Every structure is written in structure tokens, then in C-alpha cells.
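Numbering-wise (numbering that gives the first Met the number 0), the sequence shown opens with residue 0 and increments by one.
Worth flagging that the hints you see were computed from the coordinates, not collected in a lab. All of these numbers come straight from a predicted model, not from anything done at the bench. Just so you know, not all the hints are guaranteed correct.
Label pairs and their in silico Cβ distance ranges [claimed, not checked]:
#  : residue 1 : residue 2 : range
1  : T280      : E43       : 34 to 42 Å
2  : E45       : F25       : 26 to 34 Å
3  : I321      : Q171      : 24 to 32 Å
4  : E212      : I301      : 51 to 59 Å
5  : G204      : E43       : 21 to 29 Å
6  : E307      : R341      : 43 to 51 Å
7  : F25       : R341      : 51 to 59 Å
8  : I321      : G204      : 43 to 51 Å
9  : E45       : P84       : 49 to 57 Å
10 : Y368      : E45       : 19 to 27 Å
11 : K177      : N270      : 51 to 59 Å
12 : N327      : S208      : 47 to 55 Å
13 : A277      : D123      : 26 to 34 Å
Think about it this way: if two alpha-carbon atoms lie no more than 20 Å apart in a straight line, the pair counts; the simulated DMTMM-like pairs of lysine to aspartate or glutamate are [as the list claims (entries may be wrong)]:
#  : residue 1 : residue 2
14 : K148      : E219
15 : K246      : D331
16 : K67       : D48
17 : K363      : E219
18 : K26       : E52
19 : K361      : E348
20 : K202      : D18
21 : K240      : D95
22 : K246      : D231
23 : K351      : D300
24 : K177      : E192
25 : K363      : D156
26 : K178      : D210
All C-beta atoms in this analysis are idealised placements derived from N, C-alpha and C, irrespective of residue type, glycine included.
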Amino acid sequence: MAGFYIHIPFCRKQCYYCDFHFTVSFKNFDQVVQALKKEIEFRENEFSDVQFETIYLGGGTPSVLPVKEINSIIELVYGCYQILPHAEISLEANPDDLSAEYLSTLRSTSKINRLSIGIQSFRDADLRFLNRQHSSDDAFECIIRSKEKGFDNINVDLIYGIPGMEQNIWQQNLEIFKKLDIPHLSAYHLTIEPKTVLAYYQKRGKIESMDEEESLIQFEILLHFAKENGYDHYEISNFAKPEYYSKHNLGCWNREPYIGIGPSAHSFNLNKRRWNVANNTIYCNSLNRNSSDYFESENIDIRTAYNEYLMTSLRTKHGIDIQYLEDNFGLDFLTGYNDSIRKFISEGEVIKDGTRYYLSDKGKFKADYIISELMVVN
């Protein structure tokens, strides 16, 4: 199976932590949407034999699109590609976009059957720090409205490790999430990425990163909350009730093929990866000329494939399949892997279960470091 991703590069406001490709200028909004549609048609033959199990509108903020435009894009995808019945069709949304009217129209006229709502925090001080558009009341009320309008497959994004966020505040965020009875949670530690506003503030000493020990405690609070409330920790940052895993993200973590449409979007067909230019003007102009100047690509060699398998698989609860490593990469790779992983097993950060290795709760907090240590660099 495969996934279909569409990147909508527009936001109403710049969040201080975000390093995704977006613009807060809507000057070229219509041109970009038309270029998106043109790329959908342009690449029809590229995945002609592929069946798609998911469609995901991400960004940016896809909920800035009128519902009529969302429907137009999705119908075009259905017209050009093989979409499986009962496909998971997700829309990323911000609380301030999800009015009662918008949700009613979305529910009654569109194929969207999953919402991923960027709450980030139910505390106004955190939202101001992150420069979010909505308030804590907006966040709470939009989820109530979404459920009232018939959306039951909902994900909420929350961020922990925010400077000034104490343990009790993080616990309160999780308790509010519990009260709202949402089936899926994506919880991320705040990362201060280069070239973001937070990085600018940090460089000038205006903010500091969260203390690592405090971050670990907040992560442990999260894991305890998930276990106590029946959420399966199926990926480092993702927790779900049974039957509510994100099918689209699972496909990416399982290295299934996907197509990415829009500025900065990535595509993967098992043997090759390609990425679109992160520039709206160049993207539009290239597609208007029927040119392929809007993307670059690379073939995936065996070392890259090996590293990508480690990176994606070890982030999930299923971990690494040793037989898969041997069958696909050979004994040379497997020998190096075994040599590297022993120290993590001895430190209780990796667990061996039959032919699989997966991260312990202790190891999950250090996932990025462990994965980097296991990768082949030469």
C-alpha cells in the first residue's frame, strides 16, 4: 500500500518553533493551489499501478483552505489515482479554523475522516510563548465542536519541554486531553531548530532550553499517562487507542511508498527519493512551464536504505527485525549492527525479544542518539 501527501504551504501566523516550509503571505494562494492540482495530474503515470491507502493534507495549515477547495483537490486525486475504499483521509487543522460552520461543511461534503489538530498546549502562557494563533479556550472548544459534528477519529498535537512548563502544568495538559476523550495523541518535546524565531531568541540569551533532567521527567509522566489510560505507545511520539493508529504515518515508518505533492514535499518509491523545491514561486513557475525544474531526486543505495530502516523501525514499538536485516542487507551489515547494539542492551536501553530489538522506555528518551550510533557512516 502507499500514502498520498499534499503540502499546503500557508499559515495565518508564524509559530516561533516551526521550521517547516510555509508563508504567512496569501498573495499567491490561488496560484499555488492551481500548481498543486497541476502536479497531481502531472504525476498520474508515475504511480499508475499503486493503490493508495491514505491521503494526508499537511503543511503549513491545510485548514486555511475553503472546504470547497479541499474537496476539489481530493476529488482530483481520486480521479487520477487508485484510492482504496475506506481510505484514511486526514486534514491537519488549527483550532481557530474549526468553526461550527466549517466543521459542518467538512463533515457533510468532504471525504475527510480524520482530523489532526495542532493544539500544542491547553495553557495560554505556553501558546503565547510559541506564538500560536488560538487560546486555550479555543483549543478546548474546537475539539468539543469536532466531536459534536461527527468526527471521532481525532489526533491532538501537544508539546512538552517548553521553558517555564513545570511538571504539574504538563500533567494538567494531559488531564485535559483525557477529559476530552481523544483517541490519538502526538506528543513532542520542544526542539529549537536553527533559523526559527526561538533559535534567534536563544542565541541572544532571551530563552534557555529545558533542563534535560526535567525533560526526562516530563517524558516519564507522558509514558505513565499513556499506560494508565489505555494508549498504545506505538511510535516514539505517538500514542493511540486500539484501531486509531495513524495509517499514513505508519506507512512512512514501515518504509512503504508515498507521493508528496506541493512545495517542499518528499516522495519515496523504495528505490528513489525526490523532494520538491521549498519555494512557492519557483514551484509554480516550473509547473506552469510543464518543467521538472521544481524537484530534485536521488537513488537510494544499500547503505542509505539500511540507515533509513534503522531510523524508522527503531522508533516504533515493533523495532528491528534481524531476519529482515540479514535478508535485505547481508551479514556484513548485521555484524556491524550486533557489535554496536550490545552496549545499549547492557545499559537497559534496548531490549532483545527473539529476532527483534526494540527500545526500552529508558531508551526511547535517547532514541535519536541510539539510532545515530547504530547507523553506518562509511
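Against the structure, the hints:
| no. | hint | verdict |
| --- | --- | --- |
| 1 | T280 with E43: 34 to 42 Å | violated, 25 Å |
| 2 | E45 with F25: 26 to 34 Å | holds, 30 Å |
| 3 | I321 with Q171: 24 to 32 Å | violated, 42 Å |
| 4 | E212 with I301: 51 to 59 Å | violated, 40 Å |
| 5 | G204 with E43: 21 to 29 Å | violated, 52 Å |
| 6 | E307 with R341: 43 to 51 Å | violated, 23 Å |
| 7 | F25 with R341: 51 to 59 Å | holds, 54 Å |
| 8 | I321 with G204: 43 to 51 Å | holds, 47 Å |
| 9 | E45 with P84: 49 to 57 Å | violated, 23 Å |
| 10 | Y368 with E45: 19 to 27 Å | violated, 37 Å |
| 11 | K177 with N270: 51 to 59 Å | violated, 44 Å |
| 12 | N327 with S208: 47 to 55 Å | violated, 38 Å |
| 13 | A277 with D123: 26 to 34 Å | holds, 32 Å |
| 14 | K148 with E219 | violated, 34 Å |
| 15 | K246 with D331 | violated, 33 Å |
| 16 | K67 with D48 | violated, 29 Å |
| 17 | K363 with E219 | holds, 10 Å |
| 18 | K26 with E52 | violated, 34 Å |
| 19 | K361 with E348 | holds, 5 Å |
| 20 | K202 with D18 | holds, 16 Å |
| 21 | K240 with D95 | violated, 26 Å |
| 22 | K246 with D231 | holds, 14 Å |
| 23 | K351 with D300 | violated, 28 Å |
| 24 | K177 with E192 | violated, 30 Å |
| 25 | K363 with D156 | holds, 19 Å |
| 26 | K178 with D210 | violated, 29 Å |
Checked against the numbered hints listed earlier, the structure breaks hints 1, 3, 4, 5, 6, 9, 10, 11, 12, 14, 15, 16, 18, 21, 23, 24, 26; every other hint is satisfied.
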